[in-house]
Every structure is written in structure tokens, then in C-alpha cells.
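Asker: Given chain A, work out where chain B should sit, using these hints.
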Amino acid sequence: MTEKPLILVIDDEPQIRRLLTVTLEANAYRVLPAVSGQEGLVLAAQHRPALVILDIGLPDLSGQEVLRRLREWSQTPVIVLSVQDDGKGKVAALDAGADDYVTKPFNTDELLARLRVALRRSTKPAEAAVVHVKNLVVDLATRRVTVGGQAVKLSVIEYNLLRLLARHAGKVLTHRQILLEVWGPGHENDTHYLRVYIAHLREKLESNPELPELILTELGVGYRFLATD
Amino acid sequence: MTKRDRPNPDVLLAALQRDEARRQRGRLKVFLGMCAGVGKTYAMLEAARREFAAGRDVVIGYLETHGRKETDALAEGLPALPHLTVEYRGLQLREFDLDAALTRQPKLLLVDEFAHANAPESRHPKRYQDVLELLSAGIDVYTTLNIQHLESRAEAVAQITGVRIQETVPDTALTEAEFELVDLPPDELRARLAAGKVYLPERAATAQDRFFRPGNLAALRELALRFTAEHVGLDVLAERRAQGAGTPWKSGQRLLVAVSASPTSASLVRWTRRLAGELHAPWLAVYVEATRALSEPDQARLARHLSLARELGAEIITTTDDDVVRGILRTAREQNATQIVVGKPAGWRVVELLRGGSVLNRLIHESGPIDVHVVRAEGEKAARPPVRAESFGKLDFRTYAAVAGVVAGVTVLNAVLDRFVGFYALALTYLLGVVVLALFVGRGPVFFAATLSALLWNYFFLPPRFTLFVMNFQDGMMFTMYFVVALVLGQLTARIRAQQTTERQREERATALYLLTRELAESPDLAQLLAVVIQQVGRAFRADVALSLPDETQAAPVTTYFASSWVLTEKEQTVAAWAFQHRQAAGRGTDNLPASEGLHLPLVAGTRATGVLSLRFHDVATLSPAQRDLLDAFIRQIALVFDRERLRDAETQARLLAESERIGTMLLNSVSHELRTPLAAISSVASGLHAAGPLNPAQESLTVELDEATRRLNRLVQNLLDLSRLEAGHLRTNADWHDLRDLLRAAQQNLGRSLDRHEIKVDVPGDLPPVKLDAVLTEQILVNLLGNAAVHTPAGTRIEFQARREAGQLVLQVRDHGPGLPPGDPQRLFDRFQRGQAAVAGGTGIGLSLVKGFAEAQGGSVRAENHAGGGAMFTVKLPWTQLPPVPEEKE
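Chains as they are written, first to last, in my numbering: chain A, 1 to 229; chain B, 1 to 891.
Chain A with its partners taken away, still in its complex shape:
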């Protein structure tokens, strides 16, 4: 039996720390609580947690700063806790290297689901050559895309976009990250490209484009491809 994964919880609110400890321990995780950004960084270096849950509204260091320092030496997945705001804090955290975010007040089921996805992504040894979600199959080696067995014809950009999302299935990609990757530098702010192409993709891939299930919108932040189970 493998050891229970260690989760480092960095939050200055004792109630949230206690709550997360209870919830996580009930779900077969070990929890290491930290009160401040400084302490969190020290504990992260000492104990090498499997995942970090980080509140971006810490009193001592900003969430971005903790992320930046952590990312200097560690690729440990990080889930950010944020309050509902205009999305800028979330986007900044994601751009700084966070893997996912959960908005307070959060749903425990949702948090646990995100946690599982992030842990699986980090422990998965190599990328699969074929992404299989629902009835969609993306063969990254042959660049073939099928929906329910039917081959789908995609333009180069559409395919690049799909490949990027599918390779990071379950993870939030910010607009900026996607635009930079697919369209290249200089297009970081051309959000309208993204809206047009995502609409194309949904049209071609989703069984009901009005209620997308594969490509999910994170409003004001970016997109998330449905996690492969």
C-alpha cells in the first residue's frame, strides 16, 4: 500500500485550516498546515508535499510571490484558493504557475475532484499518445480526431488549440497561456481569436454546443478541458 499523499495547506484562517484538515484526512490524505507564506515555503522544502493548497490572500506574502519562490525549485502542483473577484488574482496566480483554482466559498466535492486531477497529472509518468474523453478521441501521434468514431476535419489552428487543451486535460489554461502557445507572441491579448475558435471547436466536437461538456469556460480566466478519467 502506498503512503497517503501529503497535502500542504497554506492559509492564515484557522477555521479553513481545520476544516480542510478534517475533510482531507477523511478522504485519505495527510495534511500539513501552514499559517503564513514564509512558513509554507519552509515546510514545502522540508517535507516535499505531493500538492499545495494556497490561499492567495495571505497577510505576509502575496500568493504570486509564494508561487514564484516555490516554482524556483519545485514542480509540485498548486491549487489556489481565492475569493470571488474580478478574476485578475486568479489569472495572475495561474500565469505564475498554479495548476488550478477554487473560489471561496467552495464545494468540498469540487475541491476533492480538482485535487485528484492535479495529483494524477503530476504523478502520471509520460503523456499518453491518445486522449480519450467521452466519445472524443484525439490521437496526438497521427493528429486524428474522431467523435463517436467519425473522423472530424479540423483546421491547423483548431487542431493546435484542441491538442493544447487535451494535453492539459483537467487543468485551467488562461487566455494568455493559450494565445501565446497557439498564436504566438504578440497575440496575448487577442481574446476574440480564442472566442471564435473555441466556438468552432464546440460546434464540431460537442454533442450539444449550447451546453458544452468537453471544453469548459472559466469565466474571465480561461478554459478547462474535461479531465480524462
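No lab work stands behind these hints, which were simulated from the structure alone. All values derive from a computational prediction rather than experimental measurement. Even glycine gets a Cβ: it sits at the ideal position worked out from N, Cα and C. Accuracy of the hints is not assured; some may be wrong.
Label-pair restraints from in silico Cβ distances [to be verified]:
hint	chain 1	residue 1	chain 2	residue 2	range
1	A	E181	B	A857	31 to 37 Å
2	A	H132	B	L695	31 to 37 Å
3	A	K134	B	V762	39 to 45 Å
4	A	H132	B	E888	29 to 35 Å
5	A	K134	B	E651	57 to 63 Å
6	B	S701	A	E72	47 to 53 Å
7	A	L140	B	E674	23 to 29 Å
8	B	G870	A	E181	50 to 56 Å
9	A	A113	B	V811	33 to 39 Å
10	B	E888	A	E72	38 to 44 Å
11	B	E888	A	G149	29 to 35 Å
12	A	K134	B	G870	28 to 34 Å
13	B	G870	A	A113	41 to 47 Å
Answerer: Okay, now just chain B, sitting in the frame of chain A:
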């Protein structure tokens, strides 16, 4: 908060300047004629009628029809302002009513006779100044002008016709004007004259025959034609420069005219202006100040010449040098002048020969690469002889009496000394007296002392005594030599003293300016600064000083600063306000409201006036050119410092604003954090129970309720925070491209189970392109509208959402099938804390006011109404932004 949002002083300033520029100047059109009787007024009226017919707001401000029927008929039907009747020395004068025109604010105003001199006590001495004020108020003006009234052509006209014109208009008043030449061949004009169709003023009637000679008329006509042609040329040049070609001065020439108190200088100035105009060259007027003081009339004349040059567009430079030639050439080199204009001397003088050639010869020899124009200039000839007489003639009796007293004293002393020494030694005592006198008095009295002492010495001491006879050749030589030595010594001493005085005055000026600059720089705050200004200006110019500053609102122009040393009367305040509004000097010694007691100078920095400095001089009527220069320097310095203060204030304001915004945001974030943390705990517990293991149905429904309540509380907290953000004006929109369906889905998710009891029908066109809006605000709009509909309608009814593009706007509509809106004005629903009467539960009544605030923050609007088919309908309209092109690619 992003950097872009923060108001910075530069942006504020730019906005101010844009406002300034929006207040456009009116356009001036001049109907120019060669002389009276060519039909200028008629032509002006014809043009005005055309504009009137085209629907423009044309008003006659002042018309001089001289009772001609055709002209009167043409004026009929055009609205006209009533005349102002001014009584002056028992005469009823008909005048143009400037204030009435400014109040009426027509688009186009007709003002006849541009060169007219206004009645005394009017706001401006000349009508052209009235017109300039109309232009700066944004009113277009049509006016008429004869060529002989033009300052730069007056001389030429006088030479042609022999009639000197008094009422002239400076060329600078016409720099922006458009000209229409009203031309009539001389023969026709003479025919009209013979038929009595031309009205001539009484005094000109006698000169009629001389003036209207065919030769004269041809010359005047040529003058008018040439002027118009030149002006067309200037327009082209101005156009080219405005297009940004940055055309340098065409000729690369720079003219310099030497101006003095000599009466001929005025025509020299005009001549130079004409040449400069033809060459499109900039020009300077230079006055070389000698150490010898000018008599009062000379000073006044010099001031007139310099202000004439300033009016005609010259740059004025005053320099000090005892040698005129050296002064002119030094300035010419410093200013890179390429041509010098000087007057032709009337005769030549012995002094010039002694000094090594005439002024002219030296100027020509020493000017090197600079061209020298020698121009025959005409002046008021009669004025010449008294000028010299004046410097001696205007006797200061007290000084002369004192001088006589001193000489008499020396004589008494000599009478005593006479017993001990010879009469030659006594001459030395007299000499000493003269030299000492020269240290205190001017040249005239010294000359007087020398003469008097020579005579007294001769009379009392030189044998034979008590006669003016001289006995032998030696004594004669002695006497003559004494006289010459006394004279030369006395004059030399006096001159050195005069030089010292000039030097001291110059030093005083420099010191005064230095002191002002230093004290201004050291003033810690505005109050101190203002006190320094009032004190320093008052001391330097021996005047009472008042400082007027604009009101906070800038509406009422100026209020006097309390620490002023001169309390302005109401009349003076009006003058100060005028100077502020028009950014021009006004009052005594200027062309604007000269009848007032003080001189009012606006403090102008850039395009804005920051205040008015008013001076009432203790003992001088007009300032000398040097004093005027110093005052200008003072004003510039003060204006600069004021502007700096203003910018600093603006910066402080902006910083305070940014700081308050930062604190506000911080507070909101903190409150938001405090409220949400317990909420997060509750929500987490509720969902945690669910996740922990299977629950029985009762427990299950309890956790659902708990979850639902948490969501609602969370929305409420969100609304309250949004509201306070909206209230505090800290709301920043962040528009980006979004798929409207994404926004709708997010809103639905946010509402969770609140919508479960309703059927939601969504109608968003499949081809609706991405829309540009603020996602957070728009989502909140949808959450509140949908939530509101769900709360106020019975379960099971339908809620319809529709989005469409309509007339350049994005229209979002939420319609329910409930009881409809409560009675009363539906738009009042958007006021805070209004709740539908049918409110079942929930909703503090701030939801709809937030909808309104968020829609307006994005430049949109919202309205509520009852749908014809029943139920309430809310319509939000947001500005539509056209989707920029997305690059195509092949499949």
C-alpha cells in the same frame, strides 16, 4: 487598479487644453476698398444676405449707410442690434454696442468701419479692438476697411495723397482675416462722385478734389490690389505651415530696425514691417538706451514707437550702450540679423566727425556681412527743434538756485582767501566747486555753474577788478582756459555720474528680479508665494499691488487676494476680470480700457491665465521701456511659478485620489475576506457532510437547504460589496471579448437551485459573434435579473432570456410570466431598496439598482416594463463593439 486608470496630471492638462481649443475663435472677413465710395458696405450686405438665406444666424451689429437708399434696402429684413447712444460734450454719438453683441452671440455679426475710433470712455479706444473681442468670443465678423486706414500702408497713402490719416489699424489685427477686395475702376468712382452717390465726411470735403484725382485713385487702387495679393500669398504660407511642412522662413532673412525717440522712427518701423512682410522674414525693433536720460516727451514718443513695432509684430529688444552703432551691431550679431534698417539722417553734425565719422558711415563700415538699409523717413517735422531746447529749457529752478548759491558761497570764501593767495589760485577754488557740483547735479546746472563762476572770477578777482575786462593776454588766456576746463571737467563728471546711475538702475533691476526669483523659489506654500509677489512687485515699481486669482469654479473670473496692498474698486475689478478673460494687458497705458486707474496684467502660462496682477503706480504716469521690460520679466516669472504651483496641486489631487482609491479597495478586499471565510467554512461543512458518506433523506435535504442558504448569503455579500464599490466610484470596467452563452451559463450556475422551480427558455442567435463587455459586471446583471424573476414569480412559470443585436447595441432581455411590475413608475424600481410587493422572500432590493449601476458603468442602460402578453420585462442595452477581423486560415 491598473496604471491606466489613474488620472495623471498630464492627462488632466491635455483635457483642459482640448477644452480650451474647443472654444474656437471666430473668423474675420474684411471687405477692403481703395477709398470711400467703392461700395464696401453694399458688398458686405450682399454677402451677409447670402449667408442669411442659407440659414445662418446673421445679425447687423453696426452699419453706416450714410442714408443711401440701395444700401438701406439691402439691410432691410436682416436682424439688427440697437445702437448705443453716447453723450460726449453735448454731442450724441452713435456707437456699436459690444456688450449687446456678446450677449446676443450670433453666428455672424456685421460691424461696419473697422478703423473707427470709439467715443471716449468706451471699453476700447478703437472699434477693431471690439471686433477682436468678438472673434475671441467665437463670433464670426464681417467688416469694412479702406486701404489708407491700414497702419503699414498709411505712410504710402499719405505720400500719394498728401492727406495724413489719424485712425489707423495695426496690421496684426488682420493676421487672421480673410480679405475680399471691393474694386471699382477710378473712372466709375469719379462718375459716382459726380452723381453725388458718395458720401464724404465734412472735413474731407475740402480735400475732395485733391484726394480723388485720377492719378491718386490709380495709385490707391494699386496699393489695395497689391495688399490683397500679398495676403493671399500669406494665407498659402500659413496653410502650408499648418499642414506640418514646417516651412522655415522663406528667405532666411532676419530684419532689425533701430528705433529711437526721433519722430521719424515710426515710419521706419512701418517700412521695415512692409519689407519683412514681403520677405516673410521675422523682424526685431531695437532701442539702444544711452546713459543720457530722455526728456518726458521723448520717453512717451519712444514708448509709442516701441508699442507700434510690437503691434506690427516685431520682437522688441532694449539694450544699453553709449555708442549707438556699437549697440545696434552687437544686438544684430546676437540676434543673427541679416539686414539692418536705419533712418537717413537729416543733416550731419560736428560731433559725429569728432567721433570718427558719422553714425551711418561707421555702421556701414563695421556691419561686415550684414546689409544696411538707409531709409528716408518722414516725421512730424515741427517737433524737431524744441526737442533740444527742452533738455535745457525746462529749468528746474530749485537746482539752479542751489547752484548759484554754492557759486556765491565759493565767491565769499574766495573774498576771504584773496588776502592770502593770488587770483590764479582762486580760479582753482572755483574749479573745485564746479567739480563737486557736478557730482550732484545734471549737465545743465554744471554748465551754468561753470559759466557763472568764470564770470564772477573775472568780475571780482581778475584785474581790473569789478569789471569784465581783461587786462593782458595772459589773463585772457587764463580766463578762457578756466572756462573750458570747468566746462569739460563738469560735463565729464556729470556723465560719469549719469553712467553710474544707469548702471545702478540696471543693477537694481537685476537685483529685484533675482530677489523675486529667490523668494519665489523659497516660498513653502501658495499663501507665502502670493505675499512675496505683492511685496516684491510693490517695492520694485513703487506701486500699490493687487493680485486677483480665479475662483475655484473658474466661472466668476477672479477674486482679489486678501493680502493685496490695493483694494480694487468694482470698476477696477471689472478691468482685471477683462484682462484675465482675454489674457491681455488692460488699463492704464494699454489699448484696453485705458481710462482705468491701474495697470492690469494677466499671468499667462501656456494658453491659460492663472491670475491678474494689478498695479497702481505712486508717482509715474507711464513706465520707461526698461521698467516695462522688468515688469514683463516679473510677470513671466510669477506666471511660471503659479503654473508650477497649479501643476503641483493637480498632482497632489491625483495622488490623493489614487491613495483613497487604494485604501477603499483594500478595505473592501478585507471585508470581503472576513465575510467569505465563515461562509466558506459553512459551505464546506455542508458539502463535506455530503461527501463523508451516505445520508438519510432527511439529512440529505437539510444539507441541500444549508448549501442553498450559503449560496444566497454569498450572493448577498457579493451584492453589498458591489454596491459599496459602485457608491465609492471605485468601479472599474474591464471589457474583453466573451461568448454571451458562457456568461449566461456562469450566471445560471451561480444561481444554482434558485432557478430549479422555473423553466428557463434561452434565445441567443447561433451566429451571435463574441461580444465585448465586462464579464464580472455582466454576469452580475444576469444573476440579478434572473434571480429577481425567479423570486417574484410563481413556481412553474417560464422565464425567457433573449439576446440580440439591435441598432448598434447589444440587447439583453429577461421576461417572466408572473404578476408583472408593481404599480407606479417602473423605472423607480432601480432606485435603491425598492422591492416588488409580491416579493416572496429574499432580495434586499439592491439587486436592480446594481443592474442599473453596472449597465451604466459599461455605457449602457436598463429599463423595466410590463409585457403586453403579461409578466414583467427587463431590457438591458449595452454598446456594441464590432468584432475586429480574425485571420482566416485554410481547413
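Asker: Taking the hints in turn, state whether each one holds.
Answerer: Hints versus structure:
| no. | hint | in the structure |
| --- | --- | --- |
| 1 | E181/A to A857/B: 31 to 37 Å | 33 Å, holds |
| 2 | H132/A to L695/B: 31 to 37 Å | 34 Å, holds |
| 3 | K134/A to V762/B: 39 to 45 Å | 23 Å, violated |
| 4 | H132/A to E888/B: 29 to 35 Å | 32 Å, holds |
| 5 | K134/A to E651/B: 57 to 63 Å | 59 Å, holds |
| 6 | S701/B to E72/A: 47 to 53 Å | 49 Å, holds |
| 7 | L140/A to E674/B: 23 to 29 Å | 47 Å, violated |
| 8 | G870/B to E181/A: 50 to 56 Å | 51 Å, holds |
| 9 | A113/A to V811/B: 33 to 39 Å | 38 Å, holds |
| 10 | E888/B to E72/A: 38 to 44 Å | 42 Å, holds |
| 11 | E888/B to G149/A: 29 to 35 Å | 30 Å, holds |
| 12 | K134/A to G870/B: 28 to 34 Å | 42 Å, violated |
| 13 | G870/B to A113/A: 41 to 47 Å | 43 Å, holds |
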